[in-house]
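Protein sequences, first through last, are from chains A and B. According to the working numbering, the stretch in the first sequence is residues 236 to 354, in order. According to the working numbering, the stretch in the second sequence is residues 236 to 354, in order.
If several chains are the same, the list does not tell them apart, and a pair holds so long as it fits within one copy or across any two.
Okay, derived cross-link-like pairs now, DSBU-like style, lysine-lysine, Cα gap no bigger than 30 Å in a straight line:
#1 Lys244 x Lys271
#2 Lys305 x Lys334
#3 Lys271 x Lys290
#4 Lys346 x Lys334
It is worth saying that the hints were derived from the structure and are not from the lab.
2 protein chains.
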Amino acid sequence: MEKVNIHEKFLLFNDYWNPKIAGEINDSFVKLAKFKGEFVWHHHEHEDEMFLVIKGELLMRFRDGEICLKEGEFVIVPRGVEHKPVAKDEVHVLLLEPKTTLNTGNQVNEKTVAKLQSI
Amino acid sequence: MEKVNIHEKFLLFNDYWNPKIAGEINDSFVKLAKFKGEFVWHHHEHEDEMFLVIKGELLMRFRDGEICLKEGEFVIVPRGVEHKPVAKDEVHVLLLEPKTTLNTGNQVNEKTVAKLQSI
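Excised from the complex, chain A in its bound form (with noise of 0.2 Å):
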């Protein structure tokens, strides 16, 4: 058992719309994600998604709103709700999901990391 310094782990990878193994608990990942720029419009069948932001600002765009998440604040996405993150500027992320999580959710395309690494 060790533990995880979340700055620490993002200083060990640069690129973008990759989320990185950090902890395994229960049937989830904490994850860790750089983004910079726009992701895809997805949603998630089975599973909510948590977003903890460490540093920068990320807008989650939802169809009916958006929500502007700084440091230190987090949004759980429910299941079957569509979403798009946005990063203006590079934000840095935790992510809570389940292990069976695909990043880009119903979508498979250039973005959709398959298997992860762990860090």
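Given chain A, work out where chain B should sit, using these hints.
Frame of chain A, contents of chain B only:
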């Protein structure tokens, strides 16, 4: 769906060892708690438990060692592992654990909180 500002939530309560529900995700709750002093030795039979330090310093004792967690650090205590949280000074902690988790695990005593409040 609303965002949660962690620091603002911590302004809403002052009691120790009484986790509040700040979010619901799949079969788990995201909880916020203030700790000060020594908690009881306990374990959770079927649940892994995540402790993320938001502010302050948390010492997690195990039967064979200890881990000191500072701001921005987390540990996931696997099911079955005995642990005892200790906070010399007040510490603010984000917990993630299944909805079934009792704060005192296999121990039921005066620190047990059977019914959690939401904030």
